[in-house]
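S.K.: Residue strings, one per chain:
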Amino acid sequence: MVQVAWLIPALPLIAFAINGALGRTYLKKRTGIIANAGVLGALVVSVLLFVAQLDHAEPETVSLWTWAVSGDFALDIVLRVDALTLVMLLVVTSVSFMVHVYSIGYMDNDPGFWRFFTYLPLFVFAMIMLVMANNLLVLFVFWEAVGLCSYLLIGFWFERQSASAAAVKAFLTNRIGDVGFLIGLLLIWHVFGTLNYDEIFSLAPVVEAARPGILTLICLMLFVGAMGKSAQFPLHVWLPDAMEGPTPVSALIHAATMVTAGVYMVARFNPLYVLSSTAMTVVALVGAFTALFAATIGLTQNDIKRVLAYSTVSQLGLMFMALGVGAFTAAIFHLATHAFFKGLLFLGSGSVIHGTDEEQDMQRMGGLFGKMPVTGATYIIGGLALSGIIPLAGFWSKDELLGATLLSGDLGYLLFVLGALASLLTAVYTFRMIFLTFFGKTRMAAERFSHVHESPRVMTVPLIVLAVGAVGAGFVGVPPEHGLIHNYLHDTFLAAEFAGLVHVPSTVFVLALMAVSTVIALLGILVAYGIFMRRSPAPESVAGLAPPLHALLVNKYYLDDFYDAVLAGGTRTAGGLFAWFDLNIVDGVVNLIGLVVRGVGGGLRRMQTGRLENYAFSVALGTALVLAFYIMMAR
Amino acid sequence: MIIPALEYYLVLGAALFIIGLLGVLVRRNLLIVFMSIELILLGANVTFVGFAVALNNMLGQAFVIFSLTVAAAEAAVGLAIIVALSRHRDTLNVDEIDTLKG
Numbered sequence: 079m080v081q082v083a084w085l086i087p088a089l090p091l092i093a094f095a096i097n098g099a100l101g102r103t104y105l106k107k108r109t110g111i112i113a114n115a116g117v118l119g120a121l122v123v124s125v126l127l128f129v130a131q132l133d134h135a136e137p138e139t140v141s142l143w144t145w146a147v148s149g150d151f152a153l154d155i156v157l158r159v160d161a162l163t164l165v166m167l168l169v170v171t172s173v174s175f176m177v178h179v180y181s182i183g184y185m186d187n188d189p190g191f192w193r194f195f196t197y198l199p200l201f202v203f204a205m206i207m208l209v210m211a212n213n214l215l216v217l218f219v220f221w222e223a224v225g226l227c228s229y230l231l232i233g234f235w236f237e238r239q240s241a242s243a244a245a246v247k248a249f250l251t252n253r254i255g256d257v258g259f260l261i262g263l264l265l266i267w268h269v270f271g272t273l274n275y276d277e278i279f280s281l282a283p284v285v286e287a288a289r290p291g292i293l294t295l296i297c298l299m300l301f302v303g304a305m306g307k308s309a310q311f312p313l314h315v316w317l318p319d320a321m322e323g324p325t326p327v328s329a330l331i332h333a334a335t336m337v338t339a340g341v342y343m344v345a346r347f348n349p350l351y352v353l354s355s356t357a358m359t360v361v362a363l364v365g366a367f368t369a370l371f372a373a374t375i376g377l378t379q380n381d382i383k384r385v386l387a388y389s390t391v392s393q394l395g396l397m398f399m400a401l402g403v404g405a406f407t408a409a410i411f412h413l414a415t416h417a418f419f420k421g422l423l424f425l426g427s428g429s430v431i432h433g434t435d436e437e438q439d440m441q442r443m444g445g446l447f448g449k450m451p452v453t454g455a456t457y458i459i460g461g462l463a464l465s466g467i468i469p470l471a472g473f474w475s476k477d478e479l480l481g482a483t484l485l486s487g488d489l490g491y492l493l494f495v496l497g498a499l500a501s502l503l504t505a506v507y508t509f510r511m512i513f514l515t516f517f518g519k520t521r522m523a524a525e526r527f528s529h530v531h532e533s534p535r536v537m538t539v540p541l542i543v544l545a546v547g548a549v550g551a552g553f554v555g556v557p558p559e560h561g562l563i564h565n566y567l568h569d570t571f572l573a574a575e576f577a578g579l580v581h582v583p584s585t586v587f588v589l590a591l592m593a594v595s596t597v598i599a600l601l602g603i604l605v606a607y608g609i610f611m612r613r614s615p616a617p618e619s620v621a622g623l624a625p626p627l628h629a630l631l632v633n634k635y636y637l638d639d640f641y642d643a644v645l646a647g648g649t650r651t652a653g654g655l656f657a658w659f660d661l662n663i664v665d666g667v668v669n670l671i672g673l674v675v676r677g678v679g680g681g682l683r684r685m686q687t688g689r690l691e692n693y694a695f696s697v698a699l700g701t702a703l704v705l706a707f708y709i710m711m712a713r
Numbered sequence: 034m035i036i037p038a039l040e041y042y043l044v045l046g047a048a049l050f051i052i053g054l055l056g057v058l059v060r061r062n063l064l065i066v067f068m069s070i071e072l073i074l075l076g077a078n079v080t081f082v083g084f085a086v087a088l089n090n091m092l093g094q095a096f097v098i099f100s101l102t103v104a105a106a107e108a109a110v111g112l113a114i115i116v117a118l119s120r121h122r123d124t125l126n127v128d129e130i131d132t133l134k135g
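Respectively, the protein sequence lines represent chains A and B.
Just so we're on the same page, the working numbering is the position in the first sequence counted from 1, plus 78.
Just so we're on the same page, the working numbering is the position in the second sequence counted from 1, plus 33.
Errors might be hidden in some of the hints.
Chain B side only, calculated, beta carbon under 8 angstroms to chain A, not exhaustive [as the list claims (entries may be wrong)]:
id: 1; residue: Leu-54
id: 2; residue: Val-57
id: 3; residue: Leu-58
id: 4; residue: Asp-123
id: 5; residue: Val-127
id: 6; residue: Asp-131
Think of the hints as simulated: they come from the structure by calculation, not from any bench.
Note that the structure is predicted; figures quoted are calculated from it, not measured.
For every residue, glycine included, the Cβ atom is placed at its ideal position computed from N, Cα and C.
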């Protein structure tokens, strides 16, 4: 059964090749069908593999071919099929398929339709290869490949200045992270002498004993890569700008799949991370800080997609927090549920944008629920799941990772407080968004409001399917600590258990935590209801309580301005200096040499008078001088 | 036969050479300049002959024969050039013939 694993990446790749070759001239609108067929095929094969491996989730590998041989280094293309890969494959292919279906409706009138359905399967292929890689170098190649697809799709509407700027920003910010990743990769090659997962994992304890500290450095460097890809502070700035891309792209790449690659990578390398408590602490602190940091910004954004983008950054932070305390299963669980409800929310926001004729500012929405009942209902389900309301998907996973954080020791209390605050704010900004968009009196012009319409069925059906996922995906983790996903991933994260990082909570603890997180979520929703629905107190007066704080949040802690002024501005200034140096010093030296030669030549030119007697005279004089010299010497 | 001392030959040769050289440097007419060059050659030939006699070595005299042959050929080519030039430029003034000036 496992031998057919190659079909999973191959089918989207074939769809990409066909659409890329024939899309513009021949296939045109039919590219959508081909892309959907390819991704559906990958989904079906993934499900079949998942079911077949349900009983024994032993890691299996499928060797395809040897890509490169250099000395004693051989790079084999090997597909890895184990529990973690299969969970990721299910998430990636199912959300991808829903987004593909949805895109047929969303991109219907776009002149770049075929281009869109060429890039999208390419991304799916790269993402599948990323999670199926069995070798760090292959992982890195496809890590870059998904980054490339992200760049292409953010800048999909490249004729828009802001879109191409956002694409470049995403690419450059990811480069910074990738430098860290590359250093980590080279360190592993240097220290372990191999890039194969299983060999690295089995050697890890030996290496830690032989060279203490090197693993910490490796893990931190890999984490820098994860920070770039998964938009963690301070490299998070690209993700909100990435919302310039088409909304299905935001849903697929910048919420459900690609941005979780960092979480996946850290989880994959859990045997290394559990050996370095320093690296774990850094991961947890960065994650928890980012979770709260991004949630506070999300409170004040008015662009519906930007709210979701900061929400994604925040949720990714929670996942890293869980990874950092050794709760790998909880992190992957949250990754999976998050993919469903955040994908749903993004597609829902796309439906709103589609139905309101490209309106993205929530200040100019309101009262849309009656006009778009399916979008509104599924959006509320997604919002409830994100806020963590029992029994929706987000509740189970968030509850579990908060519980694991609380049990993880002294630092856990601080992390828990940060995480709980982030959860509270999550509920607030989520329902602020829902109330501003769907409820209250509309703030749209009456004429525009009358044109608001529900999206076509090709868009609403994926919303309904994802809503079912957002409701039901959490049940793979029920009962807490002993659900399907826990048993399934148990062997993958054995290292954490050996390292004593897994604490089994008592039933009382679990129930108490459930109560606490439900209260937190309800409190958040209540606050949002009071401020943004009842308007008592009105949002303006809340903002007026502390104007500097409000300004700080609206301006995203001025971090973008800081980067723009210091990093981008500094680079520009340095570039100006180098240009001056090149134009004046380097070119100056070259010009000076030319000038000297020309001057000397000009001087010597005067000797060529063209007068015969002058030449003859100089010949005679020269001869006389030579003669005189010899005569003097002879004396 | 009285054989003059070497000094006479040398003084005569040097005198011819200097007269020729001055002619080349000072005169403007290309024909005169050309004749002066012949004088220079003659000065050299006289010196050759002087040394040949003084050293009792016939090689010097043989060399003069060659030198005269070359001078004759050179006179033919040079005069042909001068004739062509005078037809072409209507002048034999060396100051006006300066096309090669850089």
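S.K.: Take the hints in turn and mark each one as holding or not.
M.R.: For each hint, the structure was consulted:
{"no.": "1", "hint": "Leu-54", "result": "holds, 6 angstroms"}
{"no.": "2", "hint": "Val-57", "result": "holds, 5 angstroms"}
{"no.": "3", "hint": "Leu-58", "result": "holds, 5 angstroms"}
{"no.": "4", "hint": "Asp-123", "result": "violated, 18 angstroms"}
{"no.": "5", "hint": "Val-127", "result": "holds, 5 angstroms"}
{"no.": "6", "hint": "Asp-131", "result": "holds, 3 angstroms"}
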